[in-house]
Amino acid sequence: MAMAMATLKGSEFSVLVEIKKAFSEDGNVLQDWNESNRNFCTWSGVTCGLINSVDGSVHVVSLNLSGLSLGGSVSPSLGRLQNLLHLDLSSNSLTGPIPTALANLSSLESLLLFSNQLSGTIPTQLGSLTNLRVLRLGDNELSGSIPSSFGGLVNLETLALASCSLSGSIPPELGPIPKSLANLGNLYNLDLSFNRLTGGVPEEFGQMGQLVYLVLSNNNISGTIPRSLCSNNTNLENLALSEIQLSGEIPVELSRCQSLKLLDLSNNTLNGSIPIEIFQLAELNYLYLHNNSLVGSISPFVANLSNLQELILFHNNLQGKLPGEIGMLGKLQVLYLYDNKLSGEIPEEIGNCSSLQMIDFFGNRFSGEIPGTLGRNRLNGSIAVLCSSHSFLSFDVTNNAFDHEIPPEMGNSPSLDRLRLGNNKFSGKIPWTLGKILELSLLDLSGNSLTGPIPEQLLLCKKLAHIDLNNNHLSGPIPSWLGNLPQLGELKLSLNQFVGSIPRELFNCSNLLVLSLDGNLLNESLPDEVGNLESLNVLNLNDNLFSGQIPPALGKLSKLYELRLSNNSFNGEISSELGQLKNLQSILDLSHNNLTGEIPPSIATLSKLEALDLSHNQLDGEVPPQVGEMISLGKLNLAYNNLQGKLGRQFSHWPAAAFAGNLRLCGSPLDRCNSRVHNQQPTISESLVAVISVISTLAAIALLIVVVALFLKRKREIFGKGSEVNCTYSSSFSQAQRRLLFQAAKRDFKWEDIMKATNNLSNEFIIGSGGSGTIYRAELSNGETVAVKRIACKDDLLLNKSFTREIQTLGRIRHRHLVKLMGYCCNKAAGSNLLIYEWVEKHFEMSSSEREYLVDAQMKPLLPGEECAAYQVLEIALQCTKTAPQERPSSRQVCDNLVHVFNNRMVDFGKMT
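Numbering (the working numbering), first residue to last: 1 to 913.
Calculated from the structure, these hints are not laboratory results.
As the structure is a computational prediction, the values presented were derived from the model and not from experiment.
Treat each hint with caution, since some may be false.
The calculated label-pair distances, taken between Cβ atoms and stated as ranges, are [unchecked claim]:
| # | residue 1 | residue 2 | range |
| --- | --- | --- | --- |
| 1 | Q487 | N285 | 25 to 35 Å |
| 2 | T130 | C41 | 23 to 33 Å |
| 3 | K341 | D26 | 53 to 63 Å |
| 4 | G27 | A611 | 38 to 48 Å |
| 5 | N64 | W432 | 38 to 48 Å |
Cut-off 20 Å, straight-line C-alpha distance, at most; resulting in silico cross-link-like pairs (PhoX-like, lysine-lysine) [claimed, not checked]:
| # | residue 1 | residue 2 |
| --- | --- | --- |
| 6 | K492 | K425 |
| 7 | K556 | K608 |
| 8 | K331 | K261 |
| 9 | K635 | K582 |
| 10 | K462 | K492 |
| 11 | K436 | K462 |
| 12 | K608 | K635 |
| 13 | K463 | K436 |
Idealized CB from N, CA, C, for every residue including glycine.
With these hints in hand, go ahead and build the complete structure from the sequences.
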């Protein structure tokens, strides 16, 4: 016998090990399920029990692994635990199908697999588990129909299949109809809500005498409510048939379910009137008939529902008067009658509903005086008579026409949580008595004509989370004590007359989500402490008098969704840190300020941004091409700045208005860059002068090019005849020669150092190329970075003389557009001459294609000296295009400078203007 017990226990041990293998754990929650501990009865979630008192055998009777975040699948090996009574794997992340092997657990009484990610159909074999009392498979991804075999679960008390994707009709076998089918007479909880079940509500459900909860809501069921639904359901307490496309009238037979506490027939297309018999359900706590097409009036017999707590009848076509008997509902807390056709006076008796907390009469036809209650209709007059209740949790008269001052008595409701008086005609000051409402979490007084400051007594309302005082006439500074409200999540003070600066204490509100201060008279700068608002989603400071720089600390607001700073006097550059706002989506609006500098390319990294407005500033430079590649952007406005350059093809889909007012900007969608001058119509004489000057200059340049070309052609012919030219490279062909180039040089350069820094002039160090040579980036061993220009060493005497002239010329001159020449190296054996320049990041980062674009293709190839002259001619031309007449050189000055260039003399551009 002992050997048999050991065998059995060894068998269950092996089964449990197999079950564990099917799971994937998060945090090793089943660490005690290991083979070194063979006493599995001590394992987590395992319960053993004495099965046979004769032989003393002990087996696993319960396995509870719910809520352990287990992944993986449900192991078919579970079907081998023959003595299992309870199996609970709910609230995990299990996937895959429900194993049919579970049907082998003939003793199973409860099977809980809800709240996982199980898929597939429900195995019909589960219908053989006749001892099953609780079956909960809801909140999964199951599909298919409900097995008709479930009609054989004669002991089933709870069947919960809610929130799956089950389809098909509800099998009639679930009701105890034919004697040949085992009935479900013990079922007391049937929840099939949130599926895709079709067909009608089975009439057989009316025979389930033990049923307490029947929930079929949110399905595709249609048809009418069966009149026999309450024929034998004397214990039914909860009947939920909402949102299942029911039609027809409410059957009077529902009054037979005398135990009903909840009746929910909402969100259907029921018509007809509310049967008087419904008001005989004396135990009813909740009556939900909203969102239907019910007609008729509310019967005075509503007074019979003495236990009613919530009466929800909105969105119907109810007519007539509200009966005074409504005042007899002493337990009524919520009364929603909005969007009906009720008329007449609101009965005074409604003030007797001592437990009333929420009421809504919006969208009816009530008339007469306002009694001691509240509403959302287009009523008028004072609300003083509405402030007598000490039980209000929510007071809402939004969108009415109430006037006079807000009654001080409003502060006598100590339990008030939400106070909404928005969009009325209240005037006067905010009553200080509101500070007595210590439970207040929401205060909405927006859209009125309130004046004066915000009362200091509100600082006592430590639970205030939402403050909306928008669109009033409030004045004075923003109170610093607002920063001491620990739960403040929304502060809306827009469209008032607040002055001064934003109190620094406000930046201590770490829970603040919305800060709207637009449309006031706030001034001074925005402090760096704004970066402390780590939870902020919306910041709106539009239409104020703020100045100074936009603080880079805004980049710390990683959760910011909307940023509006327009119509202020912010100056300085746009901080590149704004590119860190990766969740910015709604808009970035910096328009109508005094911002300068270039648009930071980091703006283009805002991959969620839908609207960007930088218009009406003084921004300059080119538009970063990355901005045109922002696929999320639906609105772009860069108009009226000082932007310049050519717009890339990626901007062509934007309207021209997005770039208007940038006089130096061209390219699609604006005018073509090469025809823009001809398309512009001069409006004043200065424009005409500018055009004539530019044309004259271009003509002079063209003439110069012809003269230079003829001169160079003649010069090449002379050199071709063998004229002698002395070269300055070393006569030693066997080794690299180096020499100190200038007396002012701080150091000399070795050929070996350059070769080591560039890996023998490897292509990976190339940063550009031109007609006369290739440019490399070299980082020397001492950490110094230089630019190295390689010019091939050839037998062409003219090329070598050009190399010599470039050394002599660039080594002496200094100009803002010329990079400093620091030294040179010659190596005849290597066939290369090297010029070493000072490293200037912005100059040498220019791509070869951009440098090549500056020189007309018809002028190529250019020798080094010619290339230098070409860039000087370009500089002269740029001086001629300046806007102000006093900044442009005269025609005589232009001609003189061109002659200087021709004679190999550098132009002093400072004397041109």
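Consistency of the hints with the structure:
Separation of Q487 from N285 is about 32 Å and conforms to the stated range, judged on CB atoms against 25 to 35 Å. For the hinted restraint 23 to 33 Å between T130 and C41, the CB-CB distance of approximately 28 Å keeps it satisfied. Our hint of 53 to 63 Å for K341 and D26 holds, since their Cβ atoms are close to 56 Å apart. A hinted range of 38 to 48 Å holds for the C-beta pair G27 and A611, which are about 44 Å apart.
Between N64 and W432 the C-beta distance comes to about 57 Å, which lies outside the given range of 38 to 48 Å. Between K492 and K425, the direct Cα distance comes to roughly 19 Å. Compliance with the 20 Å bound is thereby established for this hinted pair. For the suggested pair K556 and K608, the alpha carbons sit about 17 Å apart, so the restraint of at most 20 Å is met. With a C-alpha separation of about 14 Å, the suggested pair K331 and K261 falls inside the 20 Å cut-off, and the hint holds.
A C-alpha spacing of about 18 Å is found between K635 and K582, which places the hinted pair at or below 20 Å, so the restraint holds. For the suggested pair K462 and K492, the alpha carbons sit about 17 Å apart, so the restraint of at most 20 Å is met. Taken as a hint, the K436 and K462 pair is honoured in the structure, with Cα atoms around 11 Å apart against an allowance of 20 Å. At roughly 12 Å between alpha-carbon atoms, K608 and K635 fall within 20 Å of each other, so this suggested pair holds.
Note on K463 and K436: the hinted pairing holds, with a Cα-Cα distance of about 12 Å set against a maximum of 20 Å.
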